[in-house]
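As you go down the protein sequences, you meet chains W and X in turn. Going by our numbering, the first residue of the first sequence is number 978, and it counts up by one from there. Going by our numbering, the first residue of the second sequence is number 41, and it counts up by one from there.
Hints were generated in silico from the structure; no laboratory data involved. The structure presented is a predicted model; accordingly, all values stated were derived computationally and were not measured. Some hints here could point you the wrong way.
As the list claims (entries may be wrong) - The calculated lysine-lysine pairs, modelled on PhoX-like cross-linking and capped at a C-alpha distance of 20 Å, are: (1) K1042(W) / K464(X); (2) K321(X) / K986(W); (3) K1042(W) / K808(X); (4) K808(X) / K981(W); (5) K264(X) / K84(X).
To be verified - Listed below are several chain W residues computed to face chain X (Cβ distance under 8 Å; list not exhaustive): (6) L992; (7) I993; (8) E997; (9) T1016; (10) L1040.
As the list claims (entries may be wrong) - Distance ranges between label pairs, derived from CB positions: (11) A603(X) / Q1046(W): 51 to 61 Å; (12) L979(W) / L217(X): 51 to 61 Å; (13) V1052(W) / E172(X): 30 to 40 Å; (14) K981(W) / R804(X): 32 to 42 Å; (15) M259(X) / G1000(W): 47 to 57 Å; (16) R1001(W) / V755(X): 35 to 45 Å; (17) K580(X) / K981(W): 37 to 47 Å.
Each residue gets a CB set at the ideal place from its N, CA and C atoms; glycine is no exception.
Given next are the chains, with one letter for each unit.
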Amino acid sequence: MLKKLDQFKIGETGLIKKVEGEGRLRRRLFDMGVTPGATVYLRKVAPLGDPLEVTIRGYELTLRKSEAQLVVLEVEDKK
Amino acid sequence: MKRFALAGNPNCGKTTLFNSLTGSTAHVGNWPGVTVEKKDGVYKKLEEHVSIIDLPGIYSLSPYTNEEVIARNYILDEHPDLVINIVDATNLERNLYLTTQLLEINVPMIIALNMIDVLNKEGTVIDVEAIEKKIGVPVVAVSALKEDNLDNLMKRAYEASKQPREGKTIITNKDILHLIGDVNIAFKGKEVENPLFHAIKLVENDELEVANHNDLVSMVEAFKKTFNDETFGDDFEAIIADNRYHYISDNFHTVVKKAVKEEEEDGKKAVKMSRSDKIDKVLTHRVFGLLIFAVVLFFVFHLTFGENLFFIGAGGLFENVNPSFAGTAWEGMIWHEGGINSPGVILFNAFDMTFGWFIEVVGGWMSGAPEWLSGFVCDGVLSGLFSILGFLPQILVLFLFFAIMEDTGYMARVAFILDRIFRKFGLSGRAFIPMIMGFGCSVPAMINTRTLADDKERTSTIRVIPFFSCGAKLPILTAIAGGVAGAFGFAHVDLITYSMYVVGIVAAIVCVLLMRHTTQKGDAAPFIMELPEYHWPQFKALMIHLWDKAKHFVKKAFTIILASTIVIWFLSNFGWNWRYLGSMDGSILQSLGQLIQPIFTPLGFGAQLSAFGWVFAVAAITGLIAKENVIATFSVLAAVIVSGFEGTEEGVEEAIIMIQNTGITWQGCIAFIAFNMLTIPCFAACATAKAELPKGQFKWTLAFWLVASYIGTAVIYSVLNIFPSNLNGHAYKNGQLAWAIPVVCVIVALAVLTPFAIKWWNARKARKANLGA
């Protein structure tokens, strides 16, 4: 099932399929390791509900929901 | 002398390595992007001395922040003899991404595999030789912190620097390679240096490259039309990034052998609960995170500026414990009637006492000298210099706390927690750090804005930083608030002080909102940031950092500020006939002050004042050089009005004399404080702003400060005039007025904020509607 990162619940894991958006923002996401094929684990949401903290490529990255919305992931269907 | 450049991700131990190699004074921080400028030092253990250049920490050679542009341009244009690429061994995957880009540049290179001690401790084994074989440049495992194997690293680096290296790429996609090859040839034909690097960046649609080599873009575009990858379409950027990461995971997955393999396989997340996670659970807690931060911030300021450390008052404590203390110099320095001082205040007092003693001694020596000479040395040079140096302890204490927060990794979490709030004002959570630093000093605060990616966000932030009342503005607040209390019988000094801080913050919010909707228009910059692991701050690094700051501050005191105090002393002691007057009365400064005095009439301290009224205008002007001058000017003039008057430490008596002799109202006094808080900052801050702002923005920034302070102060003054100017009158008792000030502040704030809040809300709605449609 495809799902966007901003729709994730804490503790959910997914495999990046596609990174949308354009220009500098998208470039930055690539540079920080947010590329198709990487596994993302949503660790935490900031006290006011945004931004998010994820584990990707072995480190912790924080990004806003508006940026997370650009990341499309494949998640395992719930059993 | 050969030059070796250090390049690597933020937080990979780059600055630690720099400090270890050069024994020099660069700052190490755990805030991603703390190295805000190039630093260099010398490594002396080779047959010849080598210059080491510490570049800003970067994730990629694509230009995203100013730091990335600085690092990229250095490597490409300054031709270092070698690049030492520092790679954090505990996070190979992301660190090697930069390596794959550095490899494409024609420069000798060596990889320093850092933090190997951490891996060894975990029992993880890394095959250094295998990495070297695959990557094709020397790789040396080191520990920058423990200074392990650094000699070997430098020896091999020196060897490698002797031979030129041709750039090479790890990109494997055949069609893209073909295109890169063609562009590469075109670049070679144009005799561009580093053709391969430029070719790849152009294919990646890199904004700098597209701007510089527009003629070749059509070549890439034409190729793009014929190209269609099954997963990525014609998205070259994505293909190349994907290629790089694939290369890394394919080749380097096997070089790391973890000791705790079984554990990892069964309980995926249970094992993952590291020390950092546990700390994070508390510090970024959903409910308590913000609260904890507020408490931390309160204690930082309390420990630096507080005069009642334990909130218990002193209550004769020391007299009882050891009666011989009472009445000695220790009283007043460490405690006073109101309570025990904080470390910051104790240091401040100690400095102040030492300087006072020094001036007295020098004054004694000079008792035989001509009056103008002793006046020049004691009043002009020494007291001016020491009034600035006196702030050094408190500024250092404040920076020590900020440095600890940075080094431990807490600052990054603060940005994480606060981003949501800051976004409402059109800024990202990162903008919080420079703003909070502004309470200490605007200069480092403005330099720190380099970590912001968006130019408009930077400009807006730099402009409002002076509104966060800095350490040097604090004396203005305490002296005049104390004066108002003394002259008008108003009991709540701290209330005025506190309200003025609030006024500054509100002004900053209003102005940021205003700018982000008009001249600095734009959506909040993206917030994509690494959260580094927590670690204990290193004592050595902290001391190096403080030493750096102290050096900078002392240098400033002895150059700009010394020069300006001499000029002010001259202007305030000499008349137009170029004769020494020994007082301000009839001085050049006075006539200049009288000339501009009417400008301040709408603000409450202009033409409506009597004889000595020009002093407020003069004080505001001298404040442009250093804010400490404001109260210093009062002090000088008080001695003129009341003969035999000796200056007091906090300037309260001076302020009372000013109020009584100029006939200024209490509203005028508060307006005067507000004006000094909002107007053009000191000379040093202006110079920094000019250097940090984008080209051409400085003159507008000066105009912005003038307009903001003039309008802001006029509004505050007129609103305050609703209240009677005689505070001892029957209608308003002190208690009522005490509440009136903050209430008025809030009303003004709300009135100004509302239109912007509405505007913002509309914009948000419109955006949401667009997305829905």
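Measure nothing beyond the straight line between the CA atoms of K264(X) and K84(X); if it is 20 Å or shorter, mark the hint as holding. violated (51 Å)
Given the hint of 30 to 40 Å, check if V1052(W) and E172(X) actually sit that far apart at their C-beta atoms. Given about 39 Å between the Cβ atoms, the range holds.
Range first: 32 to 42 Å. Now tell me if the beta carbons of K981(W) and R804(X) are that far apart. violated (20 Å)
Note whether the CB distance of K580(X) and K981(W) lies within 37 to 47 Å or breaks it. holds (45 Å)
Check whether the Cα positions of K1042(W) and K464(X) lie no farther apart than 20 Å. holds (14 Å)
Tell me if the interface restraint on L1040(W) is satisfied: Cβ within less than 8 Å of some Cβ in chain X. For L1040(W), the interface hint holds, since the closest Cβ of chain X sits about 5 Å away, which is under 8 Å.
Should the hint that L992(W) touches chain X count as held when the rule is a Cβ pair under 8 Å? violated (13 Å)
Is it true that the C-beta distance of R1001(W) to V755(X) lies inside 35 to 45 Å, as the hint says? Roughly 39 Å apart at Cβ, these two residues keep to the hinted range, so it holds.
Take a look at whether the Cβ-Cβ distance between M259(X) and G1000(W) falls inside 47 to 57 Å. About 21 Å separates the Cβ atoms of M259(X) and G1000(W), which means 47 to 57 Å is violated.
Agreement of K1042(W) and K808(X) with the hint, judged by alpha carbon distance not exceeding 20 Å: Satisfied, since the Cα-Cα distance of roughly 14 Å is no more than 20 Å.
Holds or violated: K321(X) and K986(W), Cα atoms, limit 20 Å. Between K321(X) and K986(W) the Cα gap is close to 17 Å, so the pair holds against 20 Å.
Report holds or violated for the interface hint on E997(W), using the least CB-CB distance to chain X and a cut-off of 8 Å. violated (10 Å)
Taken one by one, the earlier hints fail for this structure at numbers 5, 6, 7, 8, 9, 12, 14, 15, listed in ascending order.
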